[in-house]
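Colleague: Chain residues, written in single-letter form:
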Amino acid sequence: MNTSTTNTFFTPKFSYSSKNRLFVRLIFFIAISVWCFGFTCRSILPDSAYTAIASLFLKKIYGTVCHQHIEKTIFSGGNYFFVCARCTGIYFGALIASLNSLIILHRLPVKMKLLYISSVPMLIDVFSTTMGIYSYSKIIASLTGIFFGSAVFVYILAALENNFMDKSV
Amino acid sequence: MPSLVCGFGAAVLTTIPGVKSFACCLIVPMAAVISINLDHRINKSEFPVKAGTAILFGIMTGIFAALFSTAFDVLITSIFHTNDFVEALPQTEALVKQYKLDAILDQTLVIFKQMSKDISYYGFSVFYTFAMLISNLFVNVIFGIFGGLVGMSVFNKRTTKS
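Chains as they are written, first to last, in our numbering: chain A, 1 to 169; chain B, 1001 to 1162.
Everything labelled a hint here was simulated from the structure, so no lab data went into it.
Note that CB positions come from ideal geometry on N, CA and C, so glycine has one too.
Treat each hint with caution, since some may be false.
Which chain B residues face chain A? A few, computed with CB under 10 Å, are given here [what the hints assert, rightly or not]:
{"#": "1", "residue": "Leu1089"}
{"#": "2", "residue": "Ala1103"}
{"#": "3", "residue": "Leu1105"}
The following block holds chain A by itself, in its conformation from the complex (with noise of 0.2 Å):
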């Protein structure tokens, strides 16, 4: 009697599987933090001559991934961003999803509905500023991204955890 409250006193928090799901969601999370810091270092860390040398080859780096439009980057610090608006807010989106998923420890489900209802917005958005509709700017362009980029990152992730970690368990 006595062993069994004391065993339900001391349940681990996590299970071993969380414990899976909190590191790879931590790995995640430094990643994309490390991605979101190459392409905003411009702005964040004061003008040197390492900075200058490495932003020819971050620019090049992330110009394989986006067009870099200056009149479609958002510029801080004194400096342009080394990706698009969109393309900002697509990272910043996964980066602010892969925090919560450190705070918010549950099993995701794998749901299209979230995918596809995301990606809507950013449609929209591509399709009226193409076609003339309104002009581009760089607010919804990355509001939409943000959304988008945070359903993206949810939805890799609950494929990759419900594949992967919890059939090893």
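We have chain A already, so just place chain B on it with the hints.
Modeller: For chain B alone, kept in the frame of chain A given last:
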């Protein structure tokens, strides 16, 4: 084969500036999703798609996209004998000279200048090509893996529903 085709397609789309402004960072993940779909259609692969298979398709698509986009970059640079790196270097050099340079930065700048010189004279720089290939491989493989995972979930969900 689907990874090769989709990787090539992704590399072409990332090279065309107009198309790149549409899809941005979604080109390579989309290519990975399509490669899984193509594999299913061509090889009649069975569903559900395994996570390992999806990741493998993502990696392969990313590798092919990186190889082809680097090849296109090299080709365009060899034709025009210039690129954005060569054009941005004088600006960076002027900026860097405002600060006190240590030995490492000094050497880095020397290497950059040599790269720029090689591109201007011969239209090709081994070090620049290698650096671009590595960075393209790194970025495209990661984005390809994400695309593969999304594709796997989408197709498996559809199969479960049907």
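Colleague: So, for every hint listed, does it hold in this structure?
Modeller: So, going through the hints one by one against the coordinates:
Because the smallest distance between the Cβ of B/Leu1089 and any Cβ of chain A comes to about 7 Å, under 10 Å, the interface hint for this residue holds. Of the supplied interface hints, the one on B/Ala1103 is violated, with its beta-carbon coming no nearer than about 12 Å to a beta-carbon of chain A, more than 10 Å. Given the 10 Å rule on beta carbons, the hint for B/Leu1105 holds: about 5 Å separates it from the nearest Cβ of chain A.
In summary, the structure is inconsistent with hint 2 from the numbered list given earlier, while agreeing with all the others.
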